Amino acid sequence: RRQDVLTITPWLAPIIWEGTFNSEILDSAYKPLNLTIGVTAFAIGKYTRFVGRFLESAEEHFMKGYQVNYYIFTDNPETIPSVQLQPGRRFVIVPIKKYPSWQEISMRRMEAINKHIAETSHQEVDYLFCLDIGMVFYNSWGPETLGDIVAAIHPGYFNVPRSQFPYERRSSSAAYIPDGEGDFYYGGAVFGGLVKKVYEFTRTCHMTILTDKANEIMAAWQEESHLNRHFLSQKPSKVLSPEYLWDDRKPKPPEIHLIRFSTVDKNYKEIRD
Amino acid sequence: RRDVLVLTPWLAPIVWEGTFNRDILNAQYMQKNLVTGVVTFAVKKYWFFIQGFMSSANKYFLAGHQVNFYLFTDSPEQISHLQMAPENHLCVIPVQNHSHWQDISVSRMDIIRRYIRSQFQYEVDYLYYIDIDVQLFEHIGVEIIDTLVATISPWQYTARRDSRSYETRTESQAAIPKGEGDFYYTEGFYGGSVAEVYKLTRACFKGVMEDRENGIEARWHDESHLNRYLLYHKPTRLLSPEYYWDEEL
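In the order they appear, the protein sequences are chains A and B.
For reference, each letter of the first sequence is one residue, going 1 to 273 in the numbering used here.
For reference, each letter of the second sequence is one residue, going 1001 to 1249 in the numbering used here.
Simulated from the structure, these hints should not be mistaken for lab results.
Source: prediction; values computed, not measured.
Just so you know, even glycine gets a beta-carbon here, dropped at the ideal spot from N, CA and C.
Any given hint might turn out to be false.
A few chain B residues that face chain A, going by a derived Cβ cut-off under 7 angstroms, partial list only [to be verified]: (1) V1006; (2) P1009; (3) L1011; (4) P1013; (5) F1020; (6) R1022; (7) V1134; (8) H1139.
Simulated pairs of lysine-lysine, BS3-like, Cα-Cα distance not exceeding 30 angstroms [said to hold, decoys possible]: (9) K1234/B - K197/A; (10) K197/A - K1032/B; (11) K1178/B - K196/A; (12) K1032/B - K64/A; (13) K1234/B - K196/A; (14) K31/A - K46/A; (15) K1199/B - K1178/B.
Using the sequences and the hints given, assemble the complete structure.
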């Protein structure tokens, strides 16, 4: 039981923190359903160097005991290391093209995920999580995260007033969120849910991204801005605390009892070029 | 709300005043174009409660949304002067009298199950059973809508697990093993999607019939069976005792 943090949203979606759930009860409800959980991650250009650590740590902490399919989207299949996986877990390389700028690469993820669901993964998985590759699992990530539409609170903004959320503030953008509106600032590095729901919202996000492109505007934080706009009107059914999306460069506040998934320190200038 | 538990260990919300924003929930509910039904029984002396229940429920239960009320009664003549809100519908279903009151309580599960199958599943998305001898004094809104919903009994809210009224005799189908049990739920207000309510009523009635064949009657009749079912099929949402309060407490 946690009394120091908000554990339920005003629309009655649970906010997942250590201490709010019992893994045994959840496992006994979910394991018999024989689910397959999918994970998408994009390793474009120099980002392929993160794949090994991502997968190794996922094998240790992500949905242990469940069937998992890892879909690694890359422009460079030969550089993807082969990693030993537990039984019931698969690794699939999805070749995609590399766009000229890192912003474009980032924003095209929505389209790629959406297309891949339609062509392949909708038949292979029940739930799908879309995660950034430059991250590592440090602690358990289990069935407490499963839900229809799942978003995660960005670690930089969970204790900050709404007026300081870096939403897109230009009304000419399709990702615009006016002052005084907004529930949380969600991170673009983690989102997921039932594969059907992920299909629907990646499509909506891609549409708003294209709308902006046609109007020659790019949202402040690329697809993360569009994601936030989307989750304002179609609220997530489950929200993950920043335990599930941490930034190791930040000092750990008292509310964070456990860091489960966190960024790998990177030199952005070097890898994005 | 920091003074109460708002989330179960399996992450089902526990609905208390102050934990939710009804406007947001109404917007979500309306997007999906849902219809909710209420089923209740007024048999024998309980005809007395029809007026009070129906007028308060008509005013306060999911106000502004379409609600289908299914009233099973052996006194259909008592209904004639009920005024329904324009978006609500009332369906009066005549039933026969039974000699033993517990029989009525028990066959309610079977009646609900049969009518879901033959009628309700085509008319509503969500269905709630509410005791007729209840009056609503405050709005009960779409915060109750979820797949499988149960209400924490007001009399047992603070009771420790070993002092709760679970059926403990292992010969009964409603038995809950010692040391187990999440909450004590009241059979006066429960519901969910029609599919889930169908499964629940079918399982409870099956337990009741098996007990009868073995010459045993569960301590609190269908409430005992309900509690057993919900131990092994955990509700996706719980309503706090605010939703089924007894003024005498």
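For each hint, the structure was consulted:
1. Checking V1006/B against chain A by beta carbon gives a least distance of about 5 angstroms; that is within 7 angstroms, so the hint holds.
2. Of the supplied interface hints, the one on P1009/B holds, with its beta-carbon coming within about 4 angstroms of a beta-carbon of chain A, less than 7 angstroms.
3. Interface hint at L1011/B: satisfied, since its Cβ lies 5 angstroms from the closest Cβ of chain A, which is below the 7 angstroms cut-off.
4. With a cut of 7 angstroms, the hint placing P1013/B at the interface with chain A holds, because the nearest CB-to-CB distance is about 4 angstroms.
5. Hint on F1020/B holds. Least Cβ distance to chain A is approximately 5 angstroms, under the 7 angstroms limit.
6. About 9 angstroms separates the beta-carbon of R1022/B from the nearest beta-carbon of chain A, more than 7 angstroms, and the hint is not met.
7. Interface hint status for V1134/B: violated, as the beta-carbon distance to the closest one in chain A is roughly 23 angstroms, over 7 angstroms.
8. Hint on H1139/B is violated. Least Cβ distance to chain A is approximately 16 angstroms, over the 7 angstroms limit.
9. Between K1234/B and K197/A the CA atoms are separated by roughly 24 angstroms; this keeps the pair inside 30 angstroms, and the hint holds.
10. Pair hint K197/A plus K1032/B holds up; C-alpha atoms about 15 angstroms apart against a cutoff of 30 angstroms.
11. At roughly 41 angstroms between alpha-carbon atoms, K1178/B and K196/A are farther apart than 30 angstroms, so this suggested pair is violated.
12. For the hint linking K1032/B to K64/A, the alpha-carbon distance of about 35 angstroms lies beyond 30 angstroms, and the restraint is violated.
13. The straight-line distance between the Cα atoms of K1234/B and K196/A is roughly 24 angstroms, inside the 30 angstroms bound, and the hint therefore holds.
14. Straight-line distance between C-alpha atoms of K31/A and K46/A comes to about 37 angstroms, which puts the hinted pair past the 30 angstroms bound.
15. With a CA separation close to 25 angstroms, the supplied pair K1199/B and K1178/B stays within the 30 angstroms bound.
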